Structure formats: C-alpha cells, structure tokens
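Novice: Chain by chain, the residues:
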Amino acid sequence: MAEMAMREAYGRALAEYGDKNPLIVALDVDTSASTLSNFFAKRFPERFYNIGIAEPCMVDVATGLAMGGFIPFINGFASILSLRALEQIRSCVCYANTNVKIAASYAGLSDFKDGATHYSISDLANVRALPGLTVIVPADAAEAADWVPIIAEHQGPVYLRISRAGAIPVHQPLSKLEIGKARTLRNGSDLTIIAMGSMVGRSLQAVEALAAMGISARLVEMHTLKPIDRETIVQCAEETGAIVTAEEHTIIGGLGSAVAEVVCETRPVPLQRVGINDFFCPTGRNLDTLMDTCGLSVAAVTSAAQQVLKGKK
Amino acid sequence: MTEISRQKSTELTEVARKLRVDSLRLIHRRGSGHPGGALSAAEIMAVLYFHVMNIDPSNPEWEERDRFILSKGHASAVLYSALTRRGFFPIEELDNWGEVECRHQGHPDRLKTPGVDMTSGLLGHGVAVGAGLALAARRKGQNWRTYVLLGDGECQGGIVWEGAVTAAKFHLSNLVAILDNNDVQLDGFVHDVMPLGDLRSRWESIGWHVIEVNGHDIRDLIAAFNQAHEVKDRPVILIARTTKGKGVSYMENQSYWHGNVPNVEQLAQALQELGEVNNG
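Sequence order for the protein chains is A and B. Sequential numbering from 31 applies to the first sequence in this note's numbering. Sequential numbering from 6 applies to the second sequence in this note's numbering.
Think of the hints as simulated: they come from the structure by calculation, not from any bench. If you're wondering where the values come from, they're calculated on a predicted model, not measured in any experiment. Glycine included, every Cβ here is placed at the ideal spot set by N, Cα and C. Hints should not be assumed to be uniformly reliable.
As a list, the in silico DSS-like pairs of lysine-lysine whose alpha-carbon atoms are at most 30 Å apart [stated by the list, open to error]:
#1 A/72 x B/145
#2 A/50 x A/343
#3 A/50 x B/145
#4 B/174 x A/72
#5 B/237 x A/72
#6 B/117 x A/256
#7 A/211 x A/50
Some but not every residue of chain A turned toward chain B, in silico, with C-beta under 10 Å [claimed, not checked]:
#8 80
#9 81
#10 94
#11 97
#12 99
#13 100
#14 120
#15 127
#16 198
#17 199
#18 202
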C-alpha cells in the first residue's frame, strides 16, 4: 500500500500534539512498536508509561493519571481493549467519567496475518453500549491524525478506532471534523450509503460503479458512531428513501445497527447492512483480498445498493 | 506525625467505635450492605481520615489533598461514616441511603459523594488506579499521597497484581496500600476459598515494602503509617491483621455477615456490645 498506514499517521500526530499540550501522557502495553505510540515515547520518554502486557491495568493506571489532571492516551490492540479490558473501560472510564482517550489499534481485520484472535470485529458493539463514551472511527490515515487534537481537547472519554493498515484516502485535510457531525462526501438522490472507517473509501468506489449503472448514490461518512448524527440519518432517509450501511465490523451492534435503530424509530425506509455476517474471519495474505472475501468488497456495497432499491416504494 | 498522645489514641479509638455504630445503623436502615468488612476496617479508616490524611472537608476537590480509594467498595458504609463524621456532608443525607433520591450510591461514586476520590464496586481496581494517581502526583511535583484499602479476597484477582507490579516498577513510594487481612470472604474463609500463599513474600518479591500491623490497634497503625512515609524508593503495603465483623460477637469471623443485614434485635445487641445506647 502506497499511502501511509493509519497507525503511523496517528502515532506521528500524537507525538506532534504532545509538543503543544504538556498534559498529554501516553501508555502502551508492550505494543508501542505496533501501535506506533513509540513516536511519542521517543520524543517524551518521561511522559510515556509501558505497562507490560496488561491491558486492564493500563486502563486503570490511565484512570488515575486522568484524575490527577493529565490527558492519557492509551494504546493497545482493539480486540483486547474492547474485550479483556472492557470492565475497566466501563467502570473506571465511562461510569467514573475520567478523561481517558482509548486509541484502539489493529482494529477490524487490519491485522490480517494474525487471524481471528487478533481481529477486532465486535469492538464497536461492545463500546457503543457504554453510556458516556464517544466513539470515533476515522476513514483514512490523514483523518486519524486530524482527530488527535480534537479528542484530546474534548472533555470526557473517547474511543478512537485505529487501523493497522492504510485505507483509500478520502479525507480533505482542510475540511472540518466535528464530533457527532457526519460528512456528506458525495451527493445523490436514489439512496444513501452511510459508511465508516475503511469502508468509506470502498463505498466511494461503489458510488462511482453505481453512477455508471445510472444510480445516484449519496455517500455519508459517519465517523462518529456515538453520539450518532440522528439528524443526518433522518434527512438521508427522507431525501433518498433507501439506506445502505458499510463497516469493517460484524453487522451486529455496530454502524448498521445504530443507523437501523434511528431509521426504524423515525423514518422507516429499506435498509441493508454491509459488514461481516456473524462469523470468525480467517487469516489472509493481504488485507484487501481478506476484506473482499469477508463480505466487505466494493461489489458487496453495490449489490446491497441494488437490493435496497428494489424495496423502495 | 510523631508519637501520639494517649489522649489522641483514645479519641481515635472512639472514632472507630462510632464508625462501627454508624455503619451498622446505615446498613440496618437501608436493609442492605456489607457489615463484616466495614467493621474490620474501622480503626484503619479512623486513623486515615482523622489522623493521617491531609484533606479539607470544605474543599473536597483540593488539588493537593491526599487521595483515598476504597478498592473493596462494598465496605461503603464505613467510608460514608468516616466522610460524614469528618464533615464532608451532613449525616442526614444518609437517612434515605438506597433510595433513588439519595445521591450516595450503594458503592462509592466519585461524581456523587463529596470526598469520594474514586468510584469503586467491582473488585480489583484500587492498586492500579492508585498507581496512576501516584504517577500523576509525581509528574506534577506534588507531595500528596494515595492510600488504597483493599480486601484479602480481592487479592485472588489478577488485576490487583497487575497494579502491584506497575507501582513497583515505577517506585511509587507515594502510594500506600492497606490490606484488610480478615481472612473471610462471601463464601467462607479466604484460606479455604482460594489460598493466597504468603502475602508478605508475595508483595516483597515484586518490590513492595511490607509492614505487618495489628489492624485494630490505633498506635500500631499510626506507627506503621509513620514508617510507610519514611520509605522513599518503593510502594508500601500495610498488611493489617483484622477480624471480620470486629466488635460484634455474633458477626466476628462469620462469612454470613459479609453481606447480610442485622435485624432489629441483632442491631440492638450489636450496638450494646459496641457501647452505644440502645436506640436502634
């Protein structure tokens, strides 16, 4: 992949922002060479804490640092953070409302060589259910970097989902990112594709493929899974009358579910979810083909779009 | 802190007695709570809140205050008793403890109860969160300390030890843990349910300074805290030998009283044994 990996963009951005804000501290769990929190560690060794392979402990230590007035960014694998350390995130970060920033790396299928133990395909379902947590899923490397100062300056717990890999670039560096405000990347009238993370770039390709078929698809990037932008979802349902969601995550409990909840309660329209259909994914040779075989291909999005149009009145 | 006077020791003994009385009344009135582990910690709480800790009840958020984490959060009754006796909030606020209108939760909530420094409830977090607080104090160049009260049953969980090695790695001498070593947990004796091995050598082997102390002896506790504050290169744990349900004959060493509530007659007997006028 030619583009910069999202983890590298994040790691560099964190180190850069550390210069501007002395309250930033970072923690890792023996994975700083993987999450690339080591950019920060090298620049600010006295503000970096390596906790060893103990994610629950890292969350708790960060809680203490936050209560002592610092802004801790904790770095680890999304799979372990969102499962083994979920109780700590629930009790000490969300319920106790401590200002901890969770940078959950190697998310989705991006650790394609390591297989289902390392994949994080249910993390968003887990963390979305926690009251008080803001959940952000950047679409590409540049966007991940742009989120760093925003979430640092946001008061309260944040889960930032970081891919090990690169993603098709979609982000315009000068366009404004705002927590809870979805961005419309392409206008269209026949249906809306609401995508997040790596599926934004793939959905952009789907929009072009659909255009060639004479279908006008709108593309909305839902970077904030929680609090979800209800207003934009309702508007898309009203204006285009059909919705497809796309996420590098199980179809249970993530973006598709969140959008369906809003649509069903406000403006019911045909809806299709593109995601991993409730199975453990195999190890792959590379991320692109792994995603294709796990139900996340561009064709899966276009096919869902065609399907959803059939249900439209 | 230096050697304390006989008068101070008598005062703190009386505080501990009141914390026991308050705790049992609160638990009885609410019809819910954990008396055994509240009673075992009464002297520890009295010494911390009325002698050792540098706190200001009129300014609970004071940045340079000492922090306290009740890692064994189910002993909330004794914490609330200490906080109200120390002046953080009026005791009447606890009249309807357990009702949704009462801001004080079943287990401590740092956002709701003035003086509660950390939310707790599910066991195991205190040492690791305390390590984070101690790191923060050090980074800020401030002299406040963090005290963590944990249970022995709690030490069966791995997260306690994750926090313990972290505190040792960073040489956090501004962190002082107190282990309420009463050897009783919900299902029975700790040494039966899941033996902990030799606690002193476990904590020492990972780099903690260990002080063994009689957890019901005011002077012994104060001497131990004084000694703890002299340690400059590592975290300190007071392994406090205590009796679950201490001070109430029928509760002592009985796992039943980990989480059961005394009825009217039982409360009357308990208060009588604790030297309190029998008014329920």
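Novice: It remains to establish, for every hint, whether it holds in the given structure.
Specialist: Evaluated hints:
1. Among the hinted pairs, residue 72 of chain A with residue 145 of chain B is consistent with the structure: their alpha-carbon atoms are about 21 Å apart, no more than 30 Å.
2. A threshold of 30 Å between alpha carbons decides the hint, and for residue 50 of chain A with residue 343 of chain A the separation of about 54 Å lies outside it, so the pair is violated.
3. A distance of roughly 17 Å separates the Cα atoms of residue 50 of chain A and residue 145 of chain B; the hinted pair therefore holds under the 30 Å criterion.
4. Between residue 174 of chain B and residue 72 of chain A the CA atoms are separated by roughly 19 Å; this keeps the pair inside 30 Å, and the hint holds.
5. Proposed proximity of residue 237 of chain B and residue 72 of chain A is supported: the alpha carbons are some 28 Å apart, at most 30 Å.
6. Restraint check for residue 117 of chain B and residue 256 of chain A: the C-alpha separation of about 25 Å stays at or below 30 Å, so the hint holds.
7. Distance check on the hinted pair: residue 211 of chain A and residue 50 of chain A sit about 26 Å apart at the alpha-carbon level, within 30 Å; holds.
8. A hinted interface residue such as residue 80 of chain A counts as satisfied when its beta carbon comes closer than 10 Å to some beta carbon of chain B; here the least separation is about 9 Å, so the hint holds.
9. With a least beta-carbon distance of about 6 Å to chain B, the hint placing residue 81 of chain A at the interface is held under the 10 Å criterion.
10. The closest approach between the C-beta of residue 94 of chain A and any C-beta of chain B is roughly 2 Å, which is under the 10 Å cut-off, so the hint is satisfied.
11. At about 6 Å, the closest approach between the beta carbon of residue 97 of chain A and any beta carbon in chain B falls short of 10 Å, and the interface hint on this residue holds.
12. The interface hint given for residue 99 of chain A holds, since its Cβ lies 6 Å from the closest Cβ of chain B, which is under the 10 Å cut-off.
13. Restraint check, residue 100 of chain A versus chain B: the minimum CB separation of about 6 Å is within 10 Å; hint holds.
14. Checking residue 120 of chain A against chain B by beta carbon gives a least distance of about 9 Å; that is within 10 Å, so the hint holds.
15. Proximity of residue 127 of chain A to chain B holds as hinted, the smallest CB-CB distance being about 6 Å (cut-off 10 Å).
16. Given hint, residue 198 of chain A at the interface with chain B, is violated; its Cβ is 38 Å from that chain's nearest Cβ, farther than 10 Å.
17. For residue 199 of chain A, the interface hint is violated, the least distance from its beta-carbon to any beta-carbon of chain B being 37 Å, above 10 Å.
18. A distance limit of 10 Å between C-beta atoms decides the matter here; for residue 202 of chain A the minimum to chain B is near 37 Å, and the interface restraint is violated.
Taken one by one, the earlier hints fail for this structure at numbers 2, 16, 17, 18, listed in ascending order.
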